[in-house]
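Going down the list, the protein sequences come from chains A and B.
Per the UniProt record's numbering: the first sequence = residues 1 to 346.
Per the UniProt record's numbering: the second sequence = residues 1 to 661.
Everything labelled a hint here was simulated from the structure, so no lab data went into it.
No residue lacks a Cβ here, since even glycine has one placed at the ideal position from N, Cα and C.
Do not rely on the hints blindly, as some may be mistaken.
[Stated by the list, open to error] Label pairs and their calculated CB-CB ranges:
#	chain 1	residue 1	chain 2	residue 2	range
1	A	Asn223	B	Tyr500	34 to 40 Å
2	B	Ser629	A	Ile210	55 to 61 Å
3	A	Gly127	B	Tyr500	34 to 40 Å
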Amino acid sequence: MQSLAICARLVARAVSGTEAENFLYNSLLRLSTSSSVHNSQSSSRLAIPSSPAITRAVHLVTATSGYSGHDDDEDDKGHLRKKKNSTKIPRSNRPNVNGDDAYFVAKNRLGDFLGVADGVGGWREHGIDPSLFSSSLMEACKSLVDNKLIDLNPVTLKELLSKGYQQLLENKQCIVGSSTACIVALHKEKSILHTANLGDSGFVIIRKNIIVHRSQEQQHYFNSPFQLAIHPAIKDQRLIADSPDSASITSFNVEENDCILIATDGLWDNVPDSTILEEVKKITEPTLDNLQLIAHALAKRALDNGHDPNFYSPFAKNAKRSLGINICGGKPDDITVLLAVVTSKC
Amino acid sequence: MSESDESDRSITEQIPSNVLDFSSQYGSNRGRNYNMENICEPPEIYPQYGDSTHALVFRTYGPWWLNMPSYKQTRKNFKREQKTFTSRDFIDIQYSSLVYECISLNIYETYNPGTLEAVYVGKEDDDRNITWHRVWKFPEPFSIVLKDDQEIFIENGLQQMHDLFPDHINSATASLNSLHLNTDNEQISKIYTRHTYPPAARIPRILKIPLKNKVPFPTRHIRLEFDHCTANYYIEIDTIILRGYTSNLNQTLPTETISKQEETFEFNSEINLTKLPFDILFLICSYLDLQSLIRLSSTCRRLREQCLHPLQFSSVDLQPYWNTITNNSIENFFLNHCIQTRYLSLAWTKSIELSPFNQLLNLCSTNLIQLNLACCQYLKGEHIEVIANYCSNIELLNFENCFGLATDDFIPLKNLCHIRSLNVYRTSIDFKTLLPLIDNNKEHLEDINLGNCQYLVDTIGIVKLLFARCSNLRSLDLWRAKDLSHNAYLSIIGLPHDVYDEETRLSELSADKQEELALVYSVVNLPVEIDSITHMINLSEIDIGWTDPPPGFIQSLVEQAGRSLIKIFLTACRRISNEDIVAIGDNCPKLRQLDLLGSNIINEQAIEYMLKRCLHLEFIDISFCGKISDPTIEIWKRQYKSCFKRSYTPIDHSDIHEELA
Chain A
1 MQSLAICARL VARAVSGTEA ENFLYNSLLR LSTSSSVHNS QSSSRLAIPS
51 SPAITRAVHL VTATSGYSGH DDDEDDKGHL RKKKNSTKIP RSNRPNVNGD
101 DAYFVAKNRL GDFLGVADGV GGWREHGIDP SLFSSSLMEA CKSLVDNKLI
151 DLNPVTLKEL LSKGYQQLLE NKQCIVGSST ACIVALHKEK SILHTANLGD
201 SGFVIIRKNI IVHRSQEQQH YFNSPFQLAI HPAIKDQRLI ADSPDSASIT
251 SFNVEENDCI LIATDGLWDN VPDSTILEEV KKITEPTLDN LQLIAHALAK
301 RALDNGHDPN FYSPFAKNAK RSLGINICGG KPDDITVLLA VVTSKC
Chain B
1 MSESDESDRS ITEQIPSNVL DFSSQYGSNR GRNYNMENIC EPPEIYPQYG
51 DSTHALVFRT YGPWWLNMPS YKQTRKNFKR EQKTFTSRDF IDIQYSSLVY
101 ECISLNIYET YNPGTLEAVY VGKEDDDRNI TWHRVWKFPE PFSIVLKDDQ
151 EIFIENGLQQ MHDLFPDHIN SATASLNSLH LNTDNEQISK IYTRHTYPPA
201 ARIPRILKIP LKNKVPFPTR HIRLEFDHCT ANYYIEIDTI ILRGYTSNLN
251 QTLPTETISK QEETFEFNSE INLTKLPFDI LFLICSYLDL QSLIRLSSTC
301 RRLREQCLHP LQFSSVDLQP YWNTITNNSI ENFFLNHCIQ TRYLSLAWTK
351 SIELSPFNQL LNLCSTNLIQ LNLACCQYLK GEHIEVIANY CSNIELLNFE
401 NCFGLATDDF IPLKNLCHIR SLNVYRTSID FKTLLPLIDN NKEHLEDINL
451 GNCQYLVDTI GIVKLLFARC SNLRSLDLWR AKDLSHNAYL SIIGLPHDVY
501 DEETRLSELS ADKQEELALV YSVVNLPVEI DSITHMINLS EIDIGWTDPP
551 PGFIQSLVEQ AGRSLIKIFL TACRRISNED IVAIGDNCPK LRQLDLLGSN
601 IINEQAIEYM LKRCLHLEFI DISFCGKISD PTIEIWKRQY KSCFKRSYTP
651 IDHSDIHEEL A
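Generate coordinates for the entire structure from the input sequences, incorporating the hints supplied.
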């Protein structure tokens with residue numbers, strides 16, 4: 001009840017208050033409720049009807065899930081990292097990493113940022129841990145959002161990717177590797193979702209059970225996505241290196257309760273849109289717990305399908321379409337799923 | 001003041017809001033890696049310990065830099081003793097809220113701690129001018145907080161490590177001995193420092209500087225000075241928290257004013273200084289530091305005449321007194337005595353106006369041989385004109401980190417023609433000044449530092465001119481120089497290269513830049529091709545860290561001009577090949593320092609080959625070299641007497657003495 005009272009006082013101030021107070025109100029309200037789902041519901045009932053004058057700032061409630069690929073053993077919490085038995089390269093226990101995938105969730109005063117990156121596995125044959133590049137890239141992006149990046153407009157995310165990449169080049173440690181990347185950011189005040197995508201990770205926006213917007217996959221040829229790369233001295237004609245400038249950027253007006261799903265190809269290759277919609281439909285109330293359940297379910301579906309030799313996966317369909325070859329079964333891979341809902345509730 | 005007032009007040013902890021000034025930085029100007037601004041965030045590395053991209057890092061450390069001929073050159077003329085001043089780097093920080101009563105300053109030292117030398121607090125007047133007051137100096141009392149929250153009070157910073165960790169006396173002394181084996185101790189003893197060596201246990205810690213009752217005015221400005229010349233590696237700081245009361249209760253300010261460390265001297269009355277002959281007295285006076293000299297001069301008329309003789313002011317280094325040098329002190333004192341000044345350092349001074357600056361340099365005029373203006377952010381174009389107009393005989397010129405000067409402000413300098421040493425680290429200087437300046441001084445230019453100059457539009461032309469014409473060039477610093485392409489590197493040492501690449505580069509510049517460049521090129525008659533650089537027989541220091549030379553460049557460089565090389569810094573030059581390292585072994589018999597940080601190519605065989613041949617090697621940095629294993633380095637440490645540097649990303653140290661053992 002105490003938190004309820006605090007919220008009520010804040011609401012009263014916000015209605016009569018200045019912009020600065022509004023901002024304070026929004027941030028405080030979110031702060032006071034993010035810790036407990038129960039409180040948030042009661043306070044939101046209080047806040048919204050009583051203050052129609054406030055411009056509704058939106059934000060994202062985000063759940064994450066994922067699996068390290070090639071590993072059947074399921075993690076109880078469905079949350080993260082398994083060491084690959086086959087990997088001989090010692091890897092440090094980094095947070096926000098699923099196998100070679102990495103992700104970040106960050107926010108600053110302008111909006112909420114989400115990103116995924118899929119480290120290219122081929123580096124393992126050069127004796128390089130592919131997750132080093134992807135996780136370093138995501139960490140760099142997160143730290144830029146946390147600290148420096150102050151603007152949020154259609155080209156910001158390309159800059160973010162570019163600055164993040166620059167950070168890797170300017171690390172004392174020579175971070176060799178390559179990775180795809182997909183970053184989205186929700187502008188709180190304007191309700192615009194800015195996106196940047198490079199390679200075959202991607203996102204969809206689901207509104208009322210329909211996919212209303214999605215990323216464009218960028219491939220040089222089948223199964224060779226665009227990628228950011230650092231390989232100063234390895235002479236290998238097969239190596240691809242794309243500039244952060246080649247990222248495709250979009251800006252999309254979102255509405256409250258829109259679902260945003262960002263994932264690496266581990267999901268897109270193994271779970272068709274119909275299944276995604278079917279799962280996302282199950283979200284009755286957009287609470288963090290509900291989102292978490294669905295994120296886990298999607299990741300699990302991707303994992304199961306990936307290991308099902310008889311499943312006619314999106315990957316197999318694409319192989320048929322691009323190369324005309326008939327294959328069947330899923331594509332075992334690392335999976336990272338970020339599921340977010342746009343909400344003004346706190 | 002009532003008691004309830006006291007209890008209502010709570011101590012505010014602030015992280016820095018911005019960095020106003022600093023002396024040097026490891027990071028580039030673009031990203032946030034290794035930048036000064038990293039302290040403007042809450043602690044993110046502590047309590048881990050290691051080399052982090054998110055920390056504050058200065059450009060240099062250790063005795064290695066100070067023992068290079070290029071550095072010694074800049075110091076040798078300043079003969080006057082200044083034993084109490086050993087600061088080498090500084091940072092001026094601003095906090096967002098005024099603190100009315102300071103409690104302490106908490107410095108999160110996350111890599112190679114123990115180098116803090118002095119703390120100053122800034123008092124801001126109504127015109128936003130800041131006067132700086134020293135509130136702490138090593139080895140005054142301070143405390144350190146370890147990660148288990150254990151607070152250790154250190155009454156005297158000169159205490160040895162085993163005084164602090166009596167339980168670990170064996171491991172500490174053993175490690176000290178091993179460190180001694182791995183460093184050339186003679187070198188260190190030559191450089192005066194107040195820190196014992198090694199300065200501290202290598203563990204993450206919070207250094208707490210007590211400020212209670214030491215700051216009798218509200219403040220939000222803090223300045224820290226560091227002496228990292230005995231540090232084993234780069235020092236890194238996570239953040240710097242200022243603790244104190246931000247509310248003003250209009251209470252009476254602490255009565256204790258800033259304590260001055262006045263030392264009392266006991267004179268033996270039997271000896272009468274004034275009876276000494278002039279030359280003896282003159283000699284004695286020349287051994288005094290500037291402050292003591294002036295104190296002595298105020299004792300009696302005869303001594304005043306002797307002490308303030310113009311010859312006592314032939315070299316004037318005002319850097320140790322940077323916070324006391326004002327327009328007033330120049331006009332009323334130095335203008336009367338600097339009649340024969342040949343060597344002048346105003347480094348680190350704050351806001352000297354044009355008029356006294358003008359008068360001082362006019363007074364020195366053609367006598368002036370050396371001028372050091374490092375970190376003088378008040379400099380404007382007019383100051384530069386003054387230098388160019390009056391001081392035509394200047395040979396050593398230092399504008400290190402004067403980032404307030406615009407590109408075109410430097411242009412008057414291009415007509416100077418006696419320059420032997422030029423330091424323009426981290427300034428906006430570009431080709432319009434540098435190309436004519438280099439050409440005018442090609443016969444005698446010895447040292448040039450172009451590190452981190454971000455506006456060098458035409459780096460390639462400048463480097464080409466240096467390699468083609470400056471036969472006496474001794475040291476070249478191109479740290480983080482941009483736009484040095486693969487092709488450019490090949491072209492400057494006479495290797496086959498693509499001429500069209502150069503044409504493309506020029507055509508990509510803006511039209512007016514192309515025009516300017518073409519004009520300057522024709523004035524200096526820029527060489528198109530360089531056949532060889534075998535004429536560079538004196539080249540002894542080269543730093544091309546954080547640039548991208550192609551494999552084979554170093555090989556060709558050392559084959560042609562490697563005989564005199566004593567320092568090669570290839571920090572993060574990711575494409576340096578094993579053949580390059582082997583060539584260094586074959587061609588650089590005098591090599592003393594080698595930095596190969598961040599290479600994933602260089603292997604143990606190449607390093608071993610080089611170690612066997614470069615017998616004078618005292619220092620090699622092989623941090624983040626993926627192909628060189630720790631056990632191998634352990635073997636090398638026993639086999640060769642060089643100092644092997646190996647950095648690592650931040651980790652949690654389970655045993656704080658692991659590092660030392």
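Going through the hints against the structure:
Between Asn223(A) and Tyr500(B) the C-beta distance comes to about 36 Å, which sits within the given range of 34 to 40 Å. Taking the beta carbon of each, Ser629(B) and Ile210(A) are about 56 Å apart, inside 55 to 61 Å as hinted. As the Cβ distance of Gly127(A) to Tyr500(B) is approximately 37 Å, the hint placing it in 34 to 40 Å holds.
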